[in-house]
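If you want the building blocks of each chain, they are given just below.
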Amino acid sequence: MTWNEVATQPWMLWRRQVAAILRLELKKSLFSKRAWWIYFLTAGPVLITAVHSLFSGHGHTMAEDNMIFAGIFQVYFLRLGIFFGCLGIFSNLFRAEVLERTLHYYFMSPVRREVLAVSKYIAGLIAAVIYFGGSVVLSFLFISAHWGPVFQQYLMHGPGLSELGRYALTAALACVGYGSVFLLTGVIIRNPLIPAAVVFVWENLNPFLPSLLKKFSVIFYLKSLCPTGELPTDGALAFLATSANPTPAWLAIPGLLIVSALLLAYAAAQARRLEVSYSE
Amino acid sequence: MPEPRIVFENVSRFYGEVLGVNRVNLSIPPGITSLVGPNGSGKTTLMNLMAGLIRPSRGSIQVLGVPPGRPEELFRKMGYCTQFDAFPKGLTGYQFIYSFLLVHGMLESEADKLTREALERVSMTQAADRLVAAYSKGMRQRIKLAQAIAHRPRVLVLDEPLNGLDPMARAETIALFRQWGEEGRHVIVSSHILHEVDRISDQVILLSHGYVVAEGEIQGVRSEVKDQPMQVLVRCDKPAVLAARLFERDNVVEAKVSNDGKGLLVGTRDADSLYLLLNRIVLDNGLEIEAVAPADDDVNSVYQYLIGSEGGNA
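Line by line, the protein sequences give chains A and B. Under the numbering used here, the first sequence has 379 at position 118, and the numbering climbs by one with no breaks. Under the numbering used here, the second sequence has 116 at position 114, and the numbering climbs by one with no breaks.
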C-alpha cells in the first residue's frame, strides 16, 4: 500500500511510523555515547555478582545469596539503578534532541506528535528493559553460579526460574513506570534534574505517606511484586526493602500500568504543544 | 475553485517581551516568494510559524487550508529546509533522507525511490553513502534541501537555502526553484543575497523589525514607493539633447549622463508620462534609442528605499 493510500488508514500508517521511529531511536538509546553511564549502572551489579561467584567460596548458604540478591534488587535496582537509568534514557528522548538541535526533523514529518511521543517511549522502554532486565538476569545467575548443580537444580526444578521471572518482570514494570514519569518531565520541564530530585524524594518517602498518596508512586506497586519479601526488618534501611501492607499483584500490575498510561497520555498531549526554540 | 494560498491573518508572535513578528496579514499565491529583510526582521519567525515549529501568540495561519498545528497533514504538503545546521548522528546522506521518509509512513521501496530521486536532484548521489558529519557546509546544505523536497511537497519553505553553496550549485539550485515555481508550487525563500532574490522571485515580502513593510510583485512594490523618483536608463546616441528636452517637463527630477556618453539615467515621479514624452522627443529630434529600461525596480533598490541602512545587513 503506497504512502497516499495508507494515509486513509490511520492504524496502518501509525504502525509504519512507529516502526520507523523505533529504528532511529533504538540506535540512539542503545548505542549512543550519551548512554555510557547507563552501561556503568547496569554493568556494576553484574561485575560484583560475578566476582562474588568467583571468589566467595562456600562459607555461606545459597539462601543467603538469594537474600543478598533480593537486597541488591530492592535497594539498588529499584531505587537507584533503574530510577537513574530511566531518568537518563527517558528524559533525554526529547531533551537530547533539543540540545543537539535535531528535534525539528521529527516535527517536520507528517506524524502526529502523540505517535512520536509513544514511539519514543517504546524505544526507551525496549532499551531500558534490555539494559536492566539483562543486568537483573545476569546478576541473579552470577550470584549463585558457584553453587553449580545445586543452583541448576534450584533454577530448573525449584522456584529459581519463577523467582527470576518475577525479578525480570518487576524490573520491566519499573522501567514502564519510571519511563512514563521521566518522559513526561522531559517533555514539560527543561532541566530534568529538578523533577528527578523531586521524584526521588517522593519515591523514597513512600513508606511515610498516607495510603492514598502512596498509590501515586511507582515503588508502591513494585515492592510487593518482588519474590523475596522477607528481607531483614532491622536496621535503618529496612523500610526501603519491605512493605507493611503489600499490594496484591492483581492490583499492583494493572495499577502501575494504568498510572503509566495516564502519564504517557499526558506527555503525548504535551508533546503536541512543544515548540522548536533551540536558542532559548 | 479558489487558488490555494498560504494565509496569515493578523499573526503576531512574541518571545517573552521581544517581538518576533507583529500583525502580519499575508495571502501568498503559488510561485516563488522571497522574504527579504535585515537580520532579526522576522523572516525565520515567519517561516517557523508557517511550519508550525512555533505557534502564533495571536492570529491564525492556513497553509493550503491546513493549520500548522496539524503536522500530520501539513507536512504531507510541505517541505522545510531550515537554517539549523545539525543532523541526527551516525547517518549517511542516504540514510538521513530515507529514514525520515519511512517516518512519513512510506514503504521501504517507495522511500528508496524518492531518496535516490532527491539525491539526484541536488547532485549528491556520489556522496550519498558518506556520513553527513563528514560533509562540507555546501553538501550539508544540499542534503537538507534534498530532505525537504524528497516527498515532492506542494509547498517548499527554504530558509537561506543558498548559504554555503558554490556558484555552480547556486545556479543549479536556483534553476530548481524556478522549475518548482513554474510547476505551480509555493516556494518561499529567504535570502540576504538580494540580486539572487531578484532573479528568482515572482513576488517579495519585505520585513523590518517584525512588520511586513511591503509585499507583492517587485515592480508593483516599487511603484508604491512614491517618495523616491523612479530611475529609468535610456541608451541613445544624444543623451545631452535628451536631457535638455526632458528637463522642460515637471515630472523629471534628475538626469545624469553616463560615463561612456551613451546613456542617460532619468529620475521621474511619473514613469508612464516619461515614456510618452520620450516617444515625442525621439520623433522630434531624430534620436536613435538603443534601450529603455527601469533602473531601480529590483529588490535591492526597493530594499534600500524601504528599509535602507536602518536594519543593518540584509
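If you are wondering where the hints come from, they were derived from the structure by calculation, not from laboratory data. Among the clues, some could well be false.
In silico DSBU-like links for lysine-lysine, alpha-carbon gap of 35 Å or less [claimed, not checked]: (1) B/Lys-91 to B/Lys-139; (2) A/Lys-294 to B/Lys-91; (3) B/Lys-79 to B/Lys-115; (4) B/Lys-264 to B/Lys-228; (5) B/Lys-115 to B/Lys-139; (6) B/Lys-79 to B/Lys-91; (7) B/Lys-91 to A/Lys-288; (8) B/Lys-228 to B/Lys-139; (9) B/Lys-240 to B/Lys-264; (10) B/Lys-91 to B/Lys-115; (11) A/Lys-288 to B/Lys-115; (12) B/Lys-240 to B/Lys-258; (13) B/Lys-228 to B/Lys-240; (14) B/Lys-139 to A/Lys-288; (15) B/Lys-79 to A/Lys-288; (16) B/Lys-228 to B/Lys-258; (17) A/Lys-294 to B/Lys-115; (18) A/Lys-294 to B/Lys-139.
Treat the numbers as computed from the prediction; the structure is a model and nothing was measured.
A quick look at each hint next to the structure:
1. B/Lys-91 to B/Lys-139: Satisfied, since the Cα-Cα distance of roughly 16 Å is no more than 35 Å.
2. A/Lys-294 to B/Lys-91: The given pair, whose Cα atoms are some 11 Å apart, holds under the 35 Å limit.
3. B/Lys-79 to B/Lys-115: This hinted pair holds, its Cα atoms lying about 19 Å apart.
4. B/Lys-264 to B/Lys-228: 28 Å, holds
5. B/Lys-115 to B/Lys-139: At roughly 26 Å apart (the allowed maximum being 35 Å), B/Lys-139 and B/Lys-115 satisfy the hint.
6. B/Lys-79 to B/Lys-91: Holds: B/Lys-79 and B/Lys-91 sit about 27 Å apart, inside 35 Å.
7. B/Lys-91 to A/Lys-288: 10 Å, holds
8. B/Lys-228 to B/Lys-139: Between B/Lys-228 and B/Lys-139 the Cα gap is close to 42 Å, so the pair fails against 35 Å, i.e. violated.
9. B/Lys-240 to B/Lys-264: The hint holds at about 7 Å.
10. B/Lys-91 to B/Lys-115: 23 Å, holds
11. A/Lys-288 to B/Lys-115: Holds, at about 24 Å.
12. B/Lys-240 to B/Lys-258: 13 Å, holds
13. B/Lys-228 to B/Lys-240: 29 Å, holds
14. B/Lys-139 to A/Lys-288: 26 Å, holds
15. B/Lys-79 to A/Lys-288: 29 Å, holds
16. B/Lys-228 to B/Lys-258: 20 Å, holds
17. A/Lys-294 to B/Lys-115: Distance ~32 Å between A/Lys-294 and B/Lys-115 Cα, so the pair holds.
18. A/Lys-294 to B/Lys-139: 24 Å, holds
Consistency with the previously given hints fails for number 8 only.
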